[in-house]
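Asks: Below, each chain spelled out in residue letters.
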Amino acid sequence: MSVSADRTSYLRVESATRSFDGVPAVEDFELDIAEGEFVSLLGPSGCGKTTLLRMIAGFEIPDRGRIVLDGRDITATPPNKRPVNMVFQRVTLFPHLNVFENIAFGLRLKRVSKEEMQARVGEALELVRLPGFAERNVQTLSGGQAQRIALARAIVNRPKVLLFDEPLSALDLQIRRELQVELKDIHRELQGTFVYVTHDQEEAMSMSDRVVVMRDGRIVQVGEPVELYREPSTLFVASFVGNPNVWRGTVATVDEARTLVAVGDRRLEAGRCAVRAGDDVALVLRSEILTLSKHAQGGNGAAREGASVDGVVADVRFVGPLVSYRVDVDDRQLVVSRPSQADVLAEGERVTVAWNPRDVLLLPTDDANERTP
Amino acid sequence: MFVFLFAPIAIVVLFSFNKTASLTFPFHGWSLRWYRAVFSSPLYRDAIVASLRVALITVLVVVVVGTLAGIGVTRHDFRGRGLVRFFMLFPAALPGLFLGIALLSFFVQTKVSLSLWTVTVGHLVYVVPYFFLVVVSRLQRFDYLLEEAARDLGAGPFATFRRVTLPLIAPSLIAGALVVFSLSWDEVFITFFTIGAQNTLPLVIYSTVKQSVDPSVNAISTLLLAGSLVFVLSVRRLVADLQQ
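Chains as they are written, first to last, in my numbering: chain A, 1 to 373; chain B, 1 to 244.
Derived by calculation from the structure, the hints in this document are not laboratory data. Warning: the hint list may mix true and false statements.
Computed footprint of chain B on chain A, listed as stretches where at least three residues anywhere in the stretch have a Cβ under 8 Å from a Cβ of chain B [claimed, not checked]: (1) 118 to 132; (2) 242 to 254.
Pair ranges (Cβ atoms, derived) [what the hints assert, rightly or not]: (3) K110(A) to V235(B): 18 to 28 Å; (4) I61(A) to D143(B): 15 to 25 Å; (5) F59(A) to P95(B): 45 to 55 Å; (6) D77(B) to D331(A): 48 to 58 Å; (7) R66(A) to D77(B): 47 to 57 Å.
We put the beta carbon where it would ideally sit given N, CA and C, even for glycine.
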């Protein structure tokens, strides 16, 4: 899906601010979402993502700012009059109604004819892969089934925007992964506009067209998943979307070709970056950019400058397609991942960890001490 | 100890089927004559109708007022919320005897003539706390997210109440109503002080026993016992349904 600057705005959040007891949960928030887009709001708990979603749903009214949907200002429209529907974090199926009546809830309020209701509920059940569940008692459903029915109950109303408030967070890992794939398929089938709140970076990155990384009620960075991964604007984003190795240091020299960063008594090489000598930086080394080789016998000790360091394998973890190594480099550590097909190195083996300087990220450390994964 | 519980019950039930008017052993044989006496007596019939009328009106008013007050107190944070809660529960702290005398002097002062209506007012004041407690405890563990989900799906406040809140709290309302009915049905103290010309069933039984030895009292007591057994069992069923 193309994400360009001149994308037409379908759902627009305009300098929205909402405070609780004087503490701002969302502050001066600006966001434009295109029709048919799948946007995730990603951030740690308390970052304001749920408050923002609830403002779009109508459960919270912003203190300041506007919310415009399809050209109509809905800032103060009550939730029952907004053409949006929500899938909640907890199961909110009505326990006194069966599956059919739960899904038909919105249609009954709109006095849809019996035939149309039957057809639309049937379609919705097909879409969430639970045909034949219409007469089930909702209390007999598993967690995953309940959330599918909740999705069907929302979709059946053909909302202009579908809202998701961490709908999978209470489910087992395997079911969660399954439903992530299905949700993305459903998005493709419906061509609908989805706004999805989550604190799970993998979930956000794997499903969305765009991810909005939030913190303390504000946007830290917005972008396509690949963009966020490759070019995070801050260490916070890099940490949130990757879980990389982070070494702190000071820029020693910068020239046309490369940047050297002093970390302890080492001078480590990165590509050309927009930094100046003397800057404090975070050297971000993702585990997959690192290569691992057996230390050459009889070498003249560890190189202290360049795009590699020597160390000792401290721990080997086999995680399916990858083998994850923890390498002790003096008093620091690096996590390196290699494909499982490569020779497995033993614990205690002396190794050299190397990288391509261009793959290294140098980020400001401003917010570094506030959150380190 | 259970002898004192079950022996009297057994004796009352047994003698309600007695052939003769004696209330003591020996038992002379089976008959339904005392039941026939109860059903053919206009005194009992009128008393039953009067008691039913008082109990049903009490239930109706308490269910509406108590439910609204319960919702107000649990959902909305308003000034005087504590006061409302206090006034709804306060009558439970008053002895029935005191409440009866107080109501009587109030009605005399305000020149309201005593009738079944004054009895009903007395019962209302007396039973409100019990119903209120049942409703409030149900509403406090109500999942408000269900109401948000209903709003989200297009239901306005009234439709949300009718389609989600009410059906879910209905079992508690019915249980509360049954409790209220039974409290009103055999209430004596307040009724005694606020009654007019038309007596309720407990008062008729009381005066019958005082005046003469009438075995039909055994029959009506047995009927009441059967009624309250059915009542208790149905409440238990309801509670079981609630907990599943």
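Asks: Now tell me if each hint is right for this structure.
Replies: Against the structure, the hints come out as follows:
no. : hint                           : verdict
1   : 118 to 132                     : violated (count 0)
2   : 242 to 254                     : violated (count 0)
3   : K110(A) to V235(B): 18 to 28 Å : 39 Å, violated
4   : I61(A) to D143(B): 15 to 25 Å  : 23 Å, holds
5   : F59(A) to P95(B): 45 to 55 Å   : 48 Å, holds
6   : D77(B) to D331(A): 48 to 58 Å  : 56 Å, holds
7   : R66(A) to D77(B): 47 to 57 Å   : 28 Å, violated
The structure is inconsistent with the numbered hints 1, 2, 3, 7, although it conforms to all the rest.
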